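*Asks:* What follows is the residue order along each chain.
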Amino acid sequence: MIAARAAAALIVGFARAITAVRGIWQGVAPVPGQRIYFANHNSHGDFVLVWTVLPRALRRRTRPVAGADYWLTSRLKSFIGRDVFNAVLIDRNPDTRAADPVTQMSNALTAGDSLILFPEGTRNTGDQRLLPFKSGLFHLAAQNPDIDMVPVWIENLNRVMPKGAHVPIPLICTVTFGAPIRLEGDDKATFLRRAEAALTALAPIEKA
Amino acid sequence: MDTHFIILLGCVLAVLLIATLAAQLLKRRAPPGDLTIQNLTARINAWWVMVAVIALAFAFGTAGVVILFALCSFAALREFLTLTNTRAADHWALVAAVFIVLPLQYVAVGMGWYGFYSILIPVYAFLFMPILSALRGQSENFLIRVSEAQWALMIAVFCVSHVPALLSLNIPGYEGKNLFLIFFLIVVVQSSDVLQYVWGKLIGRRKIAPNLSPSKTLEGLVGGVLSASVLGAALFWITPFTIMQAFGLSLVITLMGFFGGLVMSAIKRDRGVKDWGHLIAGHGGFIDRLDSVIFSAPIFFHIVRFYWDVH
Chain A
1 MIAARAAAAL IVGFARAITA VRGIWQGVAP VPGQRIYFAN HNSHGDFVLV
51 WTVLPRALRR RTRPVAGADY WLTSRLKSFI GRDVFNAVLI DRNPDTRAAD
101 PVTQMSNALT AGDSLILFPE GTRNTGDQRL LPFKSGLFHL AAQNPDIDMV
151 PVWIENLNRV MPKGAHVPIP LICTVTFGAP IRLEGDDKAT FLRRAEAALT
201 ALAPIEKA
Chain B
1001 MDTHFIILLG CVLAVLLIAT LAAQLLKRRA PPGDLTIQNL TARINAWWVM
1051 VAVIALAFAF GTAGVVILFA LCSFAALREF LTLTNTRAAD HWALVAAVFI
1101 VLPLQYVAVG MGWYGFYSIL IPVYAFLFMP ILSALRGQSE NFLIRVSEAQ
1151 WALMIAVFCV SHVPALLSLN IPGYEGKNLF LIFFLIVVVQ SSDVLQYVWG
1201 KLIGRRKIAP NLSPSKTLEG LVGGVLSASV LGAALFWITP FTIMQAFGLS
1251 LVITLMGFFG GLVMSAIKRD RGVKDWGHLI AGHGGFIDRL DSVIFSAPIF
1301 FHIVRFYWDV H
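Those protein sequence lines, which keep their order, are chains A and B.
Taken in order, the first sequence gives residues 1 to 208; the numbers are from this note's numbering.
Taken in order, the second sequence gives residues 1001 to 1311; the numbers are from this note's numbering.
By construction, these hints were calculated from the structure, which means they are not laboratory data.
Honestly, I wouldn't trust all of these hints.
What the hints assert, rightly or not - Residues on chain A that point at chain B, a partial pick, calculated with CB under 10 Å:
#	residue
1	Ile-2
2	Ala-6
3	Ala-17
4	Asn-156
5	Asn-158
6	Lys-163
7	Gly-164
8	Ala-165
9	Pro-170
10	Leu-171
11	Ile-172
12	Ala-198
13	Pro-204
Because the structure is a prediction, the values reported are computed rather than measured.
Glycine is no exception: its CB is placed at the ideal position from the N, C-alpha and C atoms.
Take these sequences, add in the hints, and give me the full structure.
*Replies:* Below, the structure written as structure tokens:
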């Protein structure tokens, strides 16, 4: 427990030293309350940055959703994933999984926790801004209609640590929180499109 | 030496105290929530912190000053690189710039090894970084990427490191007093910034470069540079210079500071940002506060080295 606390402080301190990360609360305020934060996914450090800019009181009750296939493959990773960040670890392979990911996430919400999730399902290492969202976000919204879903745009972390790099270069990162959305009777495709649009609206305009 | 420092620190604290009191008075008169007053208060508070940090570094002598400016360089480099067009192919070149070149530069400055720190960046780093980038085989925007990364090093590391490098100058009859050169440089250049702003607000009419920096006026420039140079002349007793020399050097460094601010504004305009960063409340980023020192430090260093240093 103490080791996990110390590791969390160390990871957050390191993230701050490299990225000077700043949270921009554009559409919501950083106040207590249950939420589902959904963010763009470029790097393994994404949830660390979101977690870093959350106020301490919110941090303790906010759990990242992450792939068990990555975070359980070594003792260090599972210590960080499970003990430090208390991640909801899901098996992304439908053939091998024992529990339904949406049920796992809903259970965490029922227990009173907030979630950080990456609806693209995998890291985006290409040139597109956003990969198409997986349907999990819609099912989660359908099962938990009273919980705000907050879009979160993480900027620059992919440049700090491009794919395959092991040493980060220091660049300033920002984490922008947009106005929350909810399922308002729309069907799956409409809702996912709306969620994607809410997220890309937070991205800075690309310069030629 | 120590009494001089206490007198100077007392003067700086008195100025800050007066500024704080004046801001409190203005706050009472202004409508609540006035943004200009809020920014002014934030700026003055940040000045208290900056003065405390610099005084602490001075108390630790050469090592303290070198470490302080190395950290400033790191923060400035982080801000500069954030606005550049670097690609994944430049990753190793940038890693080398941040984690090898920057520490090496400051170690050499700390050792007073002029022959090394004056060429490490413009010769070795400038040749080896493009080599590292080219090895990755991505030619798109190559010249732009290389130039931007090099200029980031030039501005954020090479120029900034010339502030602590003043400690290694060897001036006969001035032994052990080199910290005062740093004090002189920082106080003259920074007060020129403040005074340009004040003069500009009071009588500023003719804008110098409205496209780059709408707040810079000819009246502000002349008033600020002249009054800061008078302040510099008044500080001659802590320097190896005569009154006139102190005035002339102040004129040079305040003008360089002004043009430094103009150049950095041009970069910000080009990249569509208002500030370089957000770490110093009221001031923006490290480069926003350092820009005038960045441009004046190497020039000040070399003039003093040429005319006063025995080498």
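*Asks:* Next step is simple, just say for each hint if it's right about the structure.
*Replies:* Verification of the supplied hints:
| no. | hint | verdict |
| --- | --- | --- |
| 1 | Ile-2 | violated, 30 Å |
| 2 | Ala-6 | violated, 24 Å |
| 3 | Ala-17 | holds, 9 Å |
| 4 | Asn-156 | holds, 7 Å |
| 5 | Asn-158 | holds, 9 Å |
| 6 | Lys-163 | holds, 7 Å |
| 7 | Gly-164 | holds, 8 Å |
| 8 | Ala-165 | holds, 5 Å |
| 9 | Pro-170 | holds, 4 Å |
| 10 | Leu-171 | holds, 5 Å |
| 11 | Ile-172 | holds, 4 Å |
| 12 | Ala-198 | violated, 23 Å |
| 13 | Pro-204 | holds, 9 Å |
The earlier numbered hints that this structure contradicts are 1, 2, 12.
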